[in-house]
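Residue numbers (our numbering), protein chains in the order written: chain A, 1 to 113; chain B, 1 to 112.
Below, simulated DMTMM-like cross-link-like pairs (lysine to aspartate or glutamate); rule was C-alpha separation at most 25 Å, straight line: (1) A:Lys3 / B:Asp57; (2) A:Lys100 / B:Asp57; (3) B:Lys78 / B:Asp63.
The hints are simulated quantities; they were obtained by calculation from the structure and are not laboratory data.
Each chain is listed here by its residues.
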Amino acid sequence: DAKTTQPTSMDCAEGRAANLPCNHSTISGNEYVYWYRQIHSQGPQYIIHGLKNNETNEMASLIITEDRKSSTLILPHATLRDTAVYYCIVRPSSTGTASKLTFGTGTRLQVTL
Amino acid sequence: DAGVIQSPRHEVTEMGQEVTLRCKPISGHDYLFWYRQTMMRGLELLIYFNNNVPIDDSGMPEDRFSAKMPNASFSTLKIQPSEPRDSAVYFCASSLADYGYTFGSGTRLTVV
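Generate coordinates for the entire structure from the input sequences, incorporating the hints supplied.
Written out as structure tokens, the structure is:
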């Protein structure tokens, strides 16, 4: 699986957009970018994933660069409840099967008043 | 849906004792994963199953660890004998093919 690089920590003011970057310069053509987050003492939570097009759901937006070597997770209006460790993961995806998720160290996002 | 259910939430045991962690995946999910999380090593995949069959157990640390999935609605992770270095939070997750994983709340294991 391609390796990802994320900043160790970030701060964001409540109500502002949180933009979390991820570098994955060795990503292969069949590999997807997944984002998960882990709020303190809870299990990781799936946020969003994408291949090459930008994606949006009720939680966040995922922007993937045209060369696919980096991506940004955007939380449009961060709240204190978004304080968590955010993991960017790259893994292949095959129809009808699942492959294991390998978690790195992630970015610790602190949302402040 | 109640989500992925793990039990117990907390377990404190003495070194040398057998420990059994339990997991009930989401109904209809065909994959089940066991992870371990420690401060030093982060989240590590121990083993995963597809349709109740173990697919990859390369993350199981040693023979003291074993996992079973007797049916689609139940899995166990057993440590025998337990050691203090096994202290960690153990997470179970399930998924339907390549859709996002759903994790349980975890079992915090302390071996004294």
